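Listed in order, the protein sequences are those of chains A and B.
Residue numbering for the first sequence is 0 to 291, as defined by numbering that gives the first Met the number 0.
Residue numbering for the second sequence is 0 to 167, as defined by numbering that gives the first Met the number 0.
Hint data in this document are derived by calculation from the structure and do not stem from the laboratory.
Watch out, some of these pointers could steer you wrong.
Stated by the list, open to error - Calculated from the model, a selection of chain B residues having no Cβ within reach of chain A, i.e. all distances over 12 Å:
#1 71
#2 150
#3 153
#4 165
What the hints assert, rightly or not - Which bits of chain B does chain A cover? Going by a derived footprint, with three or more residues having C-beta under 8 Å, they are:
#5 4 to 11
#6 17 to 25
#7 43 to 54
#8 59 to 67
#9 110 to 122
#10 125 to 134
This one's a predicted model, so the numbers in the text were calculated from it and none came from an experiment.
From the three backbone atoms N, C-alpha and C, an ideal C-beta is built for every residue, glycine too.
Given next are the chains, with one letter for each unit.
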Amino acid sequence: MSPTNLRWGVILGFVGVTIALFVIDQTGNSRILLDFLRDPVSSVAQILAPTADTISDQLSAPSSIAEAQDQIEALQVRVDQLERENEELRELQGEYQLLTALFDYATESPTNERVLATVIGRDPSPLFQSIIIDKGTDDGVQVGMPVDSERGLVGQVFRTTRDSAMVMLIVDRSSGIPSRLSASRATGLVHGNGRGNALQMDWIPLETNVEIGDMVLTSGLVGQFNQGLLVGRFPKGLVIGRVTNISRNEAEILQTARVQSAVDFDDLELVFVITEFPQEDLTPFENPLGDQ
Amino acid sequence: MSRSYFVAIPLFILIAAVQATLLSKLTLFEQSLQLTALLPICWAVLRGPEEGIVWGFIAGIALDFYSIGPTGAHAIAIMLAVGAITLAQLGLPFNHYWLPPLLGGIGGALYLATYAVLLQVSGYTTDWAIFNDIILFTLAQAVLTIPAYWSLYTLRRYLYPPEVVRMS
Numbered sequence: 000m001s002p003t004n005l006r007w008g009v010i011l012g013f014v015g016v017t018i019a020l021f022v023i024d025q026t027g028n029s030r031i032l033l034d035f036l037r038d039p040v041s042s043v044a045q046i047l048a049p050t051a052d053t054i055s056d057q058l059s060a061p062s063s064i065a066e067a068q069d070q071i072e073a074l075q076v077r078v079d080q081l082e083r084e085n086e087e088l089r090e091l092q093g094e095y096q097l098l099t100a101l102f103d104y105a106t107e108s109p110t111n112e113r114v115l116a117t118v119i120g121r122d123p124s125p126l127f128q129s130i131i132i133d134k135g136t137d138d139g140v141q142v143g144m145p146v147d148s149e150r151g152l153v154g155q156v157f158r159t160t161r162d163s164a165m166v167m168l169i170v171d172r173s174s175g176i177p178s179r180l181s182a183s184r185a186t187g188l189v190h191g192n193g194r195g196n197a198l199q200m201d202w203i204p205l206e207t208n209v210e211i212g213d214m215v216l217t218s219g220l221v222g223q224f225n226q227g228l229l230v231g232r233f234p235k236g237l238v239i240g241r242v243t244n245i246s247r248n249e250a251e252i253l254q255t256a257r258v259q260s261a262v263d264f265d266d267l268e269l270v271f272v273i274t275e276f277p278q279e280d281l282t283p284f285e286n287p288l289g290d291q
Numbered sequence: 000m001s002r003s004y005f006v007a008i009p010l011f012i013l014i015a016a017v018q019a020t021l022l023s024k025l026t027l028f029e030q031s032l033q034l035t036a037l038l039p040i041c042w043a044v045l046r047g048p049e050e051g052i053v054w055g056f057i058a059g060i061a062l063d064f065y066s067i068g069p070t071g072a073h074a075i076a077i078m079l080a081v082g083a084i085t086l087a088q089l090g091l092p093f094n095h096y097w098l099p100p101l102l103g104g105i106g107g108a109l110y111l112a113t114y115a116v117l118l119q120v121s122g123y124t125t126d127w128a129i130f131n132d133i134i135l136f137t138l139a140q141a142v143l144t145i146p147a148y149w150s151l152y153t154l155r156r157y158l159y160p161p162e163v164v165r166m167s
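Here chain A stands alone, though its shape is the one from the complex:
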């Protein structure tokens, strides 16, 4: 096709509509335009998800006996390693039970309400770390709600439709979680470094004694947008991970720590959306000067 035959009106029209959509999205009004389309479109993913799982499993299965043999050997090494770890954990169990009893005594258990959701897809862009779940506003899921699994915090709901939701994972670079070190009680902000990379906890005061292996939990403090990070509101005490590395410079007033989550973000199948959790009363801060 020669350039002179092009219908520039058509091209410019579509480019214009796209830029308009982008600008409308930046102003936060794209929901009005596109929400009625999101439900039927997400239904297609729900129909395809079980078939996609089967195909994915078959494609990722070993393709030859030699490859299967290698995998068996690797798994045997892993079994040996896990048996050693199991013995160590048995020793820790007694101590853990005692601490748990003390912890339960000292703190009131949070009464979080959870909705179980199945992961039906992932963000098609490699630049985002998010998942799509099969629960939406019809199930009580709303934007901003925390999502966790039996292994720890997973992320927060970013966008919803009637029967599905998109969850930004905590490993996404735009994610930020107000957090606390369990041992020292020092607070900080955990943000993602992309899938496959450890999380990073920033803003830890330099005088805090951080040790490798320290548990990192959600602090329950309220956040807001902060330097490109979407800082969400999470219930207090959700497990984020453990400190694996500390970066400390005496010339600075703050230190950072690498945090390893126990969640396997590549293999998430079931997650919980925390639909209700105890929240601090913030009404005094809405009008701090009072009615004058």
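Use these hints to put chain B onto chain A, whose structure you have.
Positioned in the frame of chain A, the structure of chain B alone reads:
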């Protein structure tokens, strides 16, 4: 209006769903496979920039339904990649077997780079580390272009069958 536009709407709703559910779990050279972005580029190579850009618009909006990114950003990135690829095509040999994979690979990389810039402009924190493996990413898209291009080549023959000239 071209009949290919009516094919593109259901095609990309399906392909975007396949990308979100299946292709997001598969990798080639440890790189993600961006089939939804590659198809408009291949179609532009086959049918020219006008249809390629319209396909890019539909593909981008379909991707946006499954992404937490800003609405319209995928569409802008794919349309720009299509425009750049069709311009580059003018200076390249018209019919060569290596042309589709070459343009698909470069187009895929252009799409990703444009999308990353748009995210940065929109206030998202962009994962620039992915560009450390941009050569492997380009190669993965080039390999994926081969089946994608030939599937669309077949579709074009079905939608626009060659005219038969009767010799009298």
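Each hint tested on the structure:
1. At the 12 Å boundary, the C-beta of residue 71/B falls inside the reach of chain A, the nearest C-beta of that chain being 3 Å off.
2. Its beta-carbon lying about 17 Å from the closest one in chain A, residue 150/B satisfies the requirement of being farther than 12 Å from that chain.
3. Distance to chain A confirms residue 153/B as a non-interface residue, since its nearest Cβ pair spans about 20 Å, more than 12 Å.
4. Every beta carbon of chain A lies more than 12 Å from that of residue 165/B, the smallest distance being close to 26 Å; the non-interface claim holds.
5. For the segment 4 to 11 of chain B, the proposed coverage by chain A is not satisfied: 0 residues have a C-beta within less than 8 Å of a C-beta in that chain, short of the threshold of three.
6. Counting residues of the segment 17 to 25 of chain B whose CB falls under 8 Å from any CB of chain A gives 9; the rule of at least 3 is met.
7. Requiring three or more residues with a Cβ within less than 8 Å of a Cβ of chain A, the coverage given for the segment 43 to 54 of chain B holds, as 6 such residues are present.
8. Coverage of the segment 59 to 67 of chain B by chain A holds in this model, with 9 residues showing a Cβ closer than 8 Å to a Cβ of that chain against a need of three.
9. A count of 7 residues in the segment 110 to 122 of chain B with a Cβ less than 8 Å from any Cβ of chain A is obtained; the coverage claim is therefore met, three being the minimum.
10. As drawn, the segment 125 to 134 of chain B meets chain A at 4 residues by the rule of a beta-carbon pair under 8 Å; at three or more, the given contact holds.
Consistency note: the structure conflicts with the earlier hints numbered 1 and 5.
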